[in-house]
Amino acid sequence: MTRPVRRLGALHPLTPGGHWAAYLILVLIFVAVFWLNPSFAEPASLMAFVKKAAPLVVLAVGQYFVIVNGEFDLSVGSLVGAQVVIAAKMLNGEESRTWPVLAFMIVFGLLIGLVNGLVTTVLRVPSFITTIGMMFVLYGAIRLWTGGAPTGALSVAFRQVGRGGFASPVGQFQIPWALVVVVVVAVLAVSLMRRPFGRTLVATGDNPRAAEFSGVHHAWVTTRAFLLSGFLATVAAVLIGGYAGVTAQVGAGLEFTAITAVVLGGVVLGGGRGTVPAAIAGALTLEALFTLFNQLSVPSTLRPTVQGAIIIAAVAFAALPRRHRSRPVSGAVAPEGREPLPAAG
Amino acid sequence: MSLNGRSTYPRITRGVMAIAALSLMAACTTDAPDESDQPADEPAPAATEGAVADTDSEWFVLADYERQLAQRDVTPEGPADQPWLQMIEPELVDMSEFADAAPGKTLCFANASVSNPWRVTGFITMQEQVKVLQDEGLITDFRVSDAADDDNQQISDIQAFVASGECDALIVSPVTTATLTPVVESACEAGLPVIVFDRGVNTDCMATFIHPIGGYAYGADGAEFLRDNLEPGSTVLALRISPGVDVLENRWAAAEKIFAESGLEVLGNEFTGGDGATIKDIVTQYLQRGDVDGIWMDAGDGSVAALEAFEDAGKPYPVMVGEDEMSFLRKWDETAITAIAPVYSNFQWRTPILAAQKIWAGEEVPSEWVLPQQPITADDLKAFLEANAEMPSLHYAKFGGEELPGYPDVWMNR
Chain A
4 MTRPVRRLGA
14 LHPLTPGGHW
24 AAYLILVLIF
34 VAVFWLNPSF
44 AEPASLMAFV
54 KKAAPLVVLA
64 VGQYFVIVNG
74 EFDLSVGSLV
84 GAQVVIAAKM
94 LNGEESRTWP
104 VLAFMIVFGL
114 LIGLVNGLVT
124 TVLRVPSFIT
134 TIGMMFVLYG
144 AIRLWTGGAP
154 TGALSVAFRQ
164 VGRGGFASPV
174 GQFQIPWALV
184 VVVVVAVLAV
194 SLMRRPFGRT
204 LVATGDNPRA
214 AEFSGVHHAW
224 VTTRAFLLSG
234 FLATVAAVLI
244 GGYAGVTAQV
254 GAGLEFTAIT
264 AVVLGGVVLG
274 GGRGTVPAAI
284 AGALTLEALF
294 TLFNQLSVPS
304 TLRPTVQGAI
314 IIAAVAFAAL
324 PRRHRSRPVS
334 GAVAPEGREP
344 LPAAG
Chain B
124 MSLNGRSTYP
134 RITRGVMAIA
144 ALSLMAACTT
154 DAPDESDQPA
164 DEPAPAATEG
174 AVADTDSEWF
184 VLADYERQLA
194 QRDVTPEGPA
204 DQPWLQMIEP
214 ELVDMSEFAD
224 AAPGKTLCFA
234 NASVSNPWRV
244 TGFITMQEQV
254 KVLQDEGLIT
264 DFRVSDAADD
274 DNQQISDIQA
284 FVASGECDAL
294 IVSPVTTATL
304 TPVVESACEA
314 GLPVIVFDRG
324 VNTDCMATFI
334 HPIGGYAYGA
344 DGAEFLRDNL
354 EPGSTVLALR
364 ISPGVDVLEN
374 RWAAAEKIFA
384 ESGLEVLGNE
394 FTGGDGATIK
404 DIVTQYLQRG
414 DVDGIWMDAG
424 DGSVAALEAF
434 EDAGKPYPVM
444 VGEDEMSFLR
454 KWDETAITAI
464 APVYSNFQWR
474 TPILAAQKIW
484 AGEEVPSEWV
494 LPQQPITADD
504 LKAFLEANAE
514 MPSLHYAKFG
524 GEELPGYPDV
534 WMNR
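Chains as they are written, first to last, in my numbering: chain A, 4 to 348; chain B, 124 to 537.
No wet-lab data here; the hints were simulated from the structure. Treat each hint with caution, since some may be false.
Derived coverage of chain B by chain A (criterion: at least 3 residues anywhere in the stretch with Cβ under 8 Å from a Cβ of chain A; other residues may be distant) [unchecked claim]: (1) 390-400; (2) 408-416; (3) 431-443; (4) 513-520.
Partner residues aside, some chain A positions facing chain B, computed with beta carbon under 10 Å [stated by the list, open to error]: (5) E45; (6) S48; (7) V249; (8) T294.
C-beta: ideal position from N, C-alpha, C; glycine also.
Between the sequences and the hints, there should be enough to build the whole structure, so can you do that?
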């Protein structure tokens, strides 16, 4: 039996479970940041924010592909760290090596994604375990290779992507290349999700059995999701290496932040729900939250607590099953924001 | 049941499992700070902002502070060109009970970890020093255990060394102070000479405790430099790695006291985890809100990122406190900033080996061996850059290994 749906009209997506909830949280946090520090709204400050946030946005998009498919990729932090260290060691400051090293990094990132995908699908290891294992393998291998301290240096050309930009046609500020990269990645990701691959990805995450029954080659879909995650982790590594250079612990903990960003954007852990723009909103929200902490001078000992509380509240708000809908017929993907399905029985 | 091996747990269960596992992983991550490895056992200190009185607090002991600052001006005893053998105000103790002239010794070392580039550099130097004594025949076996920053692991490592009965001397670089005290005492009771260096323990049973002057002196070196090179009313931003790490807290406690008495305005002290991206972001945000005239850091990790933040924001460089890490020294030279590099003398990794040699020879060693801690100033910069021209950027200039046999390849090609 259906319960009557309260008609909220245009505000419906903002309610708990609605797919605009992620954007509402983002707007609220930005309003708080602007209110505390009006100079944040200046183009130069906003562009600096974009440069800082770009690696996490790209990582969140990569993580989105994997999570919406019902899997996890916990190796991205180690992969980012490994890529930056590999780049520094191979480049050793030589400008001429920039493009070959970038090509190598992309191949390496895709290779790691491929291994993750194949171990998960062919060897049937749960992706959680596969990618944790890969995280440790990468971490140990890099430490072994560098003897514990990264050597070499990134070339100036390499660092331009994450650190540099071009003069804006209007106004006096610099548009960072990082912004261009983020926009391109976002546009490509959104259009990919509209293609059959994208819909299959979500369907497989939502109900693998039904997807198999409808002829989806599940192993290849999942592997491609991991390939995308590895590739985007490489892009994030280029951005981070450019922004901050090489330090001993680059990349540590990023997988946790990326998953937090994706979940904050309303993507459900376990797959089947969520959109790319929402994942990007989640990443921007998290970065804006860090900025807010800084502006409020929240004591560092309190920040993890506040961050955890906000994330739990935001996830509860954005990802609760909708109370005012009937339970969908098992196996069918419930469309969002539409009329309720006919009751089952 | 599953169709193709994939789990068909309901979504809620998978979500809960995932969150539980992520929480577990978050609990397992640590940020490893610089020279000191683990947060001390003491609880996190009270707020360190605001007025600092001349009374003792958890991280500030006035007597130690004044002693360390005074020790900076004391001329050390010993050869000036071998600072790892110099001693400041030593109280020599008779070691004849351990004297044993026979060659072929087994030297055991319980290492806290090699989890940061400072420790990696120091450990390479220590190994090269051991090779010198191995070539002389004094040492035949150098056994090392690495506790990976885990207290319990180090306790069991030391117990294993003691139980084996084969160590002719035991060197310990403790993970944390209080937790390692009982096992060090039991090692002393077993009758072998115990040499503690880097971080201390709460006992004096060991043969000698080797360390540079200390955290208060380190923090003061930087803070006094800022005070002397900035006008009163200038703004200073303090960047710190982690709270609750005793060596780092001492550095900040000293700096805070000096800033409070100096007329400089401290904009804030932020924890960065030593991460370059975090440092750059924090400095950028402060620059958006106003000028930053000076930067004080409790260790050199990410110092280059802090300077780059000024470049990216188009602001003039600050007066800078870094460390003897090569990347900072090179950036300093390249940008011609006003800066100082305090050091936590990396050559202290040579001294325990030489102390073991002295003890076996029956010579006297100080109960507390205080090594010099001389910051690198603009006058010394060129010399250190030339001496370390081929070294990697995360190498420490005061490593003290220039006349050891492996120089320079062993450090260059680590």
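Given that the stretch 390-400 of chain B was listed as covered by chain A, double-check it with a C-beta distance under 8 Å for 3 or more residues. This one holds; 8 residues, not fewer than the three required, reach chain A with a Cβ under 8 Å.
A closest beta-carbon separation below 10 Å is what the hint needs, so does A:V249 meet it against chain B? At about 7 Å, which falls below the 10 Å cut-off, the nearest Cβ of chain B leaves the hint on A:V249 intact, so it holds.
Can A:S48 be said to touch chain B, with a Cβ gap under 10 Å? Since chain B brings a Cβ to about 5 Å from A:S48, closer than 10 Å, the hint holds.
Examine the stretch 431-443 of chain B for residues whose CB is less than 8 Å from any CB of chain A, and state whether their number is three or more. holds (count 3)
Are A:E45 and chain B close enough, Cβ to Cβ, to be under 10 Å, as the hint says? Hint on A:E45: holds, closest Cβ of chain B at ~8 Å, below 10 Å.
Check, residue by residue, whether the stretch 513-520 of chain B contains three or more positions whose beta-carbon lies closer than 8 Å to a beta-carbon of chain A, and give the verdict. This one holds; 4 residues, not fewer than the three required, reach chain A with a Cβ under 8 Å.
Let's test the interface hint: is any C-beta of chain B closer than 10 Å to that of A:T294? holds (7 Å)
Verify this for me: three or more residues of the stretch 408-416 of chain B with a beta carbon less than 8 Å from a beta carbon of chain A. holds (count 3)
Every hint from the earlier list agrees with this structure, and none is contradicted.
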